Amino acid sequence: MRAPQADRLTWQCRAADRLGLTAEPPGGGSRKGERWGGLLAWLLRRHVARCPRCQAELAGWRRIAALLQASSGVQAPAGTLDRVMARIAAEQDQERAVSEGPRREPLSLAGAAAAWLAWVFAVSLQAAGALGLLLPAFPGLTDRVFALVRAAFDSGGQRVREAAWMLQRAGETLPPGVAPYVEAVWWCAAGLSFAIGVLIVTGGRPGPRRE
Amino acid sequence: MVQDEAKLLHRAKEGDGQAFAGLVEPCLDQAYRLALRLAGDPGEAEDALQEALYKAWRALPRFRGDARFATWLYRIVYRVAVDRARKAKPLPVDDARLLDAAGSHDPAAAAWYDPESRWEGVEAQRELEAALQKLPPSYRAALTLYYVEGLTVRDIAGVLDVPVGTVKTHLHRARQALKRELGKERGGEGVWTR
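If you read the protein sequences in the order shown, they are chains A and B.
So that you can map any letter, position 167 of the first sequence is 167 in the numbering used here, and since no number is skipped, the others follow by simple counting.
So that you can map any letter, position 103 of the second sequence is 103 in the numbering used here, and since no number is skipped, the others follow by simple counting.
Since the hints were made in silico from the structure, they are not lab data.
Here the structure is a predicted model, which means the values were calculated and not measured.
Positions of the beta carbon are idealized from the N, C-alpha and C atoms, including for glycine.
Any given hint might turn out to be false.
One side only, chain A facing chain B, incomplete, derived with CB under 7 Å [to be verified]: (1) A23; (2) L67; (3) V84; (4) M85; (5) I88.
Assemble the whole structure, with the sequences as input and the hints as a guide.
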């Protein structure tokens, strides 16, 4: 390999720049295990060692690295960590106070579960009624509930009364075999709404939680 | 991972604040220097560091231990500092222009070295800092972590959350962009000619 001319940018210079061979930090260059290996790297290192332009580049970067490292003595302001730890401790105290206070989640969950079970029981009865198994035991149960609802709505506005009437009409227009199943779905939806309502009304605060 | 670090990590994950402090303390100054380099202002750097430490505490249960704790903390510091800078003001750099400059050997940056000069001391430090502040945050972070903190390219990739090859490209482009900015700081007379 010919000796490179000063200040002449050759392809080796460009390749050495690209691989960072002319900008290695002081004290042994690249970190252990990160040095470029192979024949090309060996040739380029040899070039860098002989090329005035690459030597100038290397010296320049070593000076820059030294200037950058002059800031390595900068320390975090005193008390930075203490302030963060104080904030964390205060938050932990708050979370502890919350977790030791009355917890409403179990109550709300139990209430919702009880309501849901009650409605599942009712729906089961209706389903059984649809199959004709328990019909004699609970004749006209739904009709009576509708009558109660209508009586309650009678004291309400005209629109409510109309809605109740339409609901009853819709039930009457259903084919006889389908009506019990529709009733079962109705009860199921009503039960779900009731359970969700219980959950909302008795809903507790969320427990301590970290991201 | 060092066994002590693993124990501290386990305790910190269970909510032990002192264990968390024990984890943070060895890398606190490095994290601050990274924040300072990215923020460019000591007060802002301290605020960013505090926010990052708090976020690290909150996110600790999700830390799987794939990387060193310090690397993971630097990543949070980097993200917080960049986010804060982005919210505070638009980046003072034209990335496209810098990338264009980085892709070629710019004549303005070519005559940047004069072995006879003594470019050092407070003035040189000031010029270097001014030039650094004009680089994109990812370049600044890569240069700082590589030259000041002595991190490996692989660790820097973990901090910046990019592939190793991208870090090498960042370093190369950052050097080219820094040379160009230094050339401008010196009014085109060459960085070292003084």
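Taking the hints in turn, this is what the structure says about them:
1. A23: 5 Å, holds
2. L67: 5 Å, holds
3. V84: 4 Å, holds
4. M85: Hint holds; M85 of chain A Cβ to chain B Cβ min 6 Å, cut 7 Å.
5. I88: 5 Å, holds
Every hint, counting from the list given before, is met by this structure.
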